[in-house]
Amino acid sequence: MNEQLAKNFAPGHSACAGCAFPAIVRAVLGEVADGTEIVVANATGCLEVTSTLYPYTAWKIPWIHNAFENAAATLSGVEKAYEILKRKKKLPGGDKKIKFVAFGGDGGTYDIGLQSLSGALERGHNFLYVLYDNEGYMNTGNQRSSATPFGAATETTPTGKVSFGKTEVRKNLMDIVAAHHIPYVAQANVAFMADLKRKAKKALSIDGPTFLSVFSPCTNNWKFPTSQYVNIAKLATETNFWPLYEIENGKYKINWATEKPKSLTDFLKTQGRFKHLFSEKNKDVIEEMQKITDDEWKRLVGLVE
Amino acid sequence: MINKTYKKLALTGGAAAAEALRQIEPEVMPIYPITPQTPIIETYAKFQADGMVDTEIIKVESEHSAMSAAVGASVAGARTVTATSSQGLALMNEVLYIASGLRLPILMVVSARALSAPINIHGDHLDVMGARDAGWLQLFSENAQEVYDKTIIGMKLAEKVNLPIMVIMDGFNTSHSVENLETLETEVVKKFVGEREAINPLLDTSNPVSYGPVALQNSYFEFRIDQEKATLDAKEEYEKIAKDYEKISGRHYALFEEYRTEDAEKILVLTGSAAGTAKVVVDHLCDKGEKVGILKINLFRPFPHEEIAAVLKNAQEIIVMDRAQSIGTKPPFYTEIISSLYQAGEAKDVKSYVYGLGGRDIFQKQIEDVFMGKVDGQYLNK
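Those protein sequences? They're chains W and H, same order as listed.
Just so you know, we're using the numbering used here here: the first sequence kicks off at 131 and counts up by one.
Just so you know, we're using the numbering used here here: the second sequence kicks off at 36 and counts up by one.
Honestly, the hints are just simulated from the structure, not real lab data.
C-beta: ideal position from N, C-alpha, C; glycine also.
Errors might be hidden in some of the hints.
No more than 27 Å apart at the CA atoms, straight line, and that leaves these computed lysine-lysine pairs for DSSO-like [as the list claims (entries may be wrong)]: (1) K282(H) to K226(W); (2) K417(H) to K386(H); (3) K216(W) to K348(H); (4) K226(H) to K219(W); (5) K332(W) to K227(W); (6) K365(H) to K216(W); (7) K216(W) to K225(H); (8) K225(H) to K219(W); (9) K219(W) to K94(H); (10) K314(H) to K195(H); (11) K364(W) to K413(W); (12) K216(W) to K81(H); (13) K291(W) to K413(W); (14) K219(W) to K301(W); (15) K282(H) to K94(H); (16) K226(H) to K314(H); (17) K218(W) to K195(H); (18) K225(H) to K218(W); (19) K218(W) to K94(H); (20) K195(H) to K216(W); (21) K220(W) to K225(H); (22) K417(H) to K220(W); (23) K220(W) to K226(H); (24) K386(H) to K348(H); (25) K220(W) to K94(H); (26) K94(H) to K227(W); (27) K218(W) to K386(H); (28) K327(W) to K190(W); (29) K399(W) to K411(W); (30) K314(H) to K264(H); (31) K331(W) to K364(W).
Among the chain W residues that face chain H by a calculated CB cut under 7 Å, a handful are [as the list claims (entries may be wrong)]: (32) E167; (33) Y184; (34) A203.
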């Protein structure tokens with residue numbers, strides 16, 4: 131593997147073939163400025179499990195996994211320890227600049243870790259929180275989270291005679307995070323690498339809390355061939371299902387737009403989790419999903435000055 | 036050499052803990068309020084506000100995050116303390132096991148309090164008993180003096196053995212009662228505790244370490260066995276540090292305190308603030324010719340089974356007073372004592388009483404009745 135790419139996160143981890151997060155981790159950490167060291171905290175989840183099967187580790191940089199819901203709180207402690215040890219000239223290995231990065235899935239971020247994240251954002255710690263959003267509890271075998279889209283089938287929102295899958299609209303985490311008035315919040319997509327890297331670089335260059343929400347398709351539980359994660363991620367943005375935008379000091383900016391967005395069905399039909407929607411009786415569910423997507427896009431456009 | 040330049044102060048147990056912490060001057064302190072612990076963190080926050088200490092105080096949004104941040108700070112290499120009570124300790128429960136499993140020397144002062152439901156803010160040992168299998172060292176205190184002394188001993192012990200420790204006082208009975216105590220000079224305390232020498236700190240970026248990996252069937256078991264051994268070994272370290280502390284303070288805290296047990300026929304086992312009341316009762320009964328004594332637990336985790344059995348085997352009657360139930364089985368101290376005696380081959384009758392739940396007062400009269408066999412049933416002052 132390319133040495134530069136594997137500088138922080140080595141090959142040999144056990145993530146699924148066709149999983150998006152190894153590329154996300156490498157892209158984000160690759161944007162840390164030269165001469166700045168990195169320390170990572172990781173919420174329980176696929177990334178944590180597949181990267182540190184004792185006695186092996188894929189991490190070539192300091193890394194801590196505490197529990198599921200507390201990556202942000204854990205990093206609060208690490209960051210404050212850094213501040214005082216630096217002040218007291220007691221940093222191991224002498225004075226240096228360190229950037230702190232947390233990684234969590236949507237379960238660990240939208241749901242169980244939301245309080246811990248909110249607390250850390252409000253306190254203003256100097257860290258970047260990276261959400262890799264695969265829209266459900268994939269590590270435990272595909273259960274719904276509050277990031278799971280309306281209409282998706284999961285093991286806890288199965289389709290059946292009287293069910294079309296998830297009946298609730300996913301939470302808007304970007305707005306929740308932005309409500310903490312932090313300097314930089316951005317939504318990115320693994321299929322738009324240049325945009326992701328630019329946002330990571332920007333987020334990492336800011337002193338204070340920053341947040342990246344990155345679309346991260348799951349081959350296993352969204353049910354698509356392992357070769358397709360980039361194509362599917364691309365469709366998510368091209369259909370306006372996953373807009374690329376950023377909120378800098380409260381100002382919204384859309385980073386990718388087209389005059390003619392693709393139909394949401396182009397995205398839905400690529401994945402087994404939406405397969406049940408393509409029956410006559412669920413036609414209105416797809417219509418509802420298209421409406422949710424269009425309304426959300428219009429709302430976002432309205433937020434841009 | 037006993038240090039003669041001590042100060043005499045009148046402080047609550049909570050303020051005594053804060054005073055010891057001021058002298059220790061931890062590097063990171065995640066804090067979250069809960070009664071009856073709050074005076075500790077408030078007092079410390081004022082020390083910080085007045086420029087008396089240099090500590091990163093993290094005002095977190097829950098006890099779960101307090102313990103999570105403590106893990107982060109400690110793993111990073113900083114000397115780390117926090118404090119809690121009751122529901123807060125219960126909320127931390129998940130992360131307590133992670134702190135001990137990662138072998139992090141976090142000091143936590145606990146004002147022990149009852150657990151809900153029904154809600155009750157008063158003294159009780161149910162909260163700390165609920166954490167007794169979490170892999171933390173647990174050190175109980177009888178009064179403000181002991182809280183002060185054991186906070187200092189506890190910090191040194193934790194960092195010596197790389198395990199987290201709870202220094203425990205009774206909520207309100209000790210945490211909010213003003214008592215006289217002697218404190219040491221700050222420089223003496225600082226020298227005694229020394230600096231933390233962290234092993235493989237996370238901030239050593241030239242020696243990157245992965246903390247908290249997945250360990251499966253082929254390795255998890257070994258991690259747990261190693262942790263148990265380290266915890267059992269901490270008993271000897273405690274004794275050494277307690278002896279060293281005696282040299283600077285003149286006060287000695289053995290694994291447990293024996294009070295008039297030399298020729299006692301009846302020995303009462305208990306801990307915490309009630310031990311002070313019980314000592315008065317013992318003095319009174321001994322004056323009347325009764326042969327009674329007390330064994331007061333200091334170190335509860337690791338539990339000193341052999342040493343306790345060696346004392347209790349000489350008694351004709353053993354009585355255990357617990358300030359907690361273990362619903363569905365027998366109370367915690369009682370089962371430990373039964374276990375100590377059985378392991379030592381001493382089959383003895385041991386009486387079990389539960390007292391003081393939810394802050395219910397315990398009086399000399401009731402303890403005297405316990406000694407004299409005049410109590411019906413298992414509960415005192417109910």
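Status of the hints after comparison with the structure:
1. K282(H) to K226(W): 41 Å, violated
2. K417(H) to K386(H): Roughly 17 Å between the alpha carbons, so the hint for K417(H) and K386(H) holds.
3. K216(W) to K348(H): 55 Å, violated
4. K226(H) to K219(W): 19 Å, holds
5. K332(W) to K227(W): 17 Å, holds
6. K365(H) to K216(W): Judged against 27 Å, a Cα distance of about 50 Å means the pair is violated.
7. K216(W) to K225(H): Distance ~20 Å between K216(W) and K225(H) Cα, so the pair holds.
8. K225(H) to K219(W): 18 Å, holds
9. K219(W) to K94(H): With Cα atoms ~24 Å apart, K219(W) and K94(H) stay inside 27 Å; holds.
10. K314(H) to K195(H): 33 Å, violated
11. K364(W) to K413(W): Distance ~24 Å between K364(W) and K413(W) Cα, so the pair holds.
12. K216(W) to K81(H): The given pair, whose Cα atoms are some 23 Å apart, holds under the 27 Å limit.
13. K291(W) to K413(W): OK: K291(W) and K413(W) at ~15 Å, within 27 Å.
14. K219(W) to K301(W): Violated: K219(W) and K301(W) sit about 44 Å apart, past 27 Å.
15. K282(H) to K94(H): 37 Å, violated
16. K226(H) to K314(H): 34 Å, violated
17. K218(W) to K195(H): 22 Å, holds
18. K225(H) to K218(W): 16 Å, holds
19. K218(W) to K94(H): 21 Å, holds
20. K195(H) to K216(W): 23 Å, holds
21. K220(W) to K225(H): Roughly 17 Å between the alpha carbons, so the hint for K220(W) and K225(H) holds.
22. K417(H) to K220(W): 55 Å, violated
23. K220(W) to K226(H): With a Cα-Cα distance of about 18 Å, the restraint between K220(W) and K226(H) holds, given a limit of 27 Å.
24. K386(H) to K348(H): 15 Å, holds
25. K220(W) to K94(H): Between K220(W) and K94(H) the Cα gap is close to 23 Å, so the pair holds against 27 Å.
26. K94(H) to K227(W): With Cα atoms ~24 Å apart, K94(H) and K227(W) stay inside 27 Å; holds.
27. K218(W) to K386(H): Measuring from Cα to Cα gives roughly 54 Å; hence the hint is violated.
28. K327(W) to K190(W): 20 Å, holds
29. K399(W) to K411(W): Roughly 16 Å separates the two Cα atoms, so the pair holds.
30. K314(H) to K264(H): 35 Å, violated
31. K331(W) to K364(W): The given pair, whose Cα atoms are some 21 Å apart, holds under the 27 Å limit.
32. E167: 4 Å, holds
33. Y184: Nearest chain H Cβ about 4 Å off; hint holds.
34. A203: 4 Å, holds
Figure legend: structure checked against the earlier numbered hints; hints not met, in rising order: 1, 3, 6, 10, 14, 15, 16, 22, 27 and 30.
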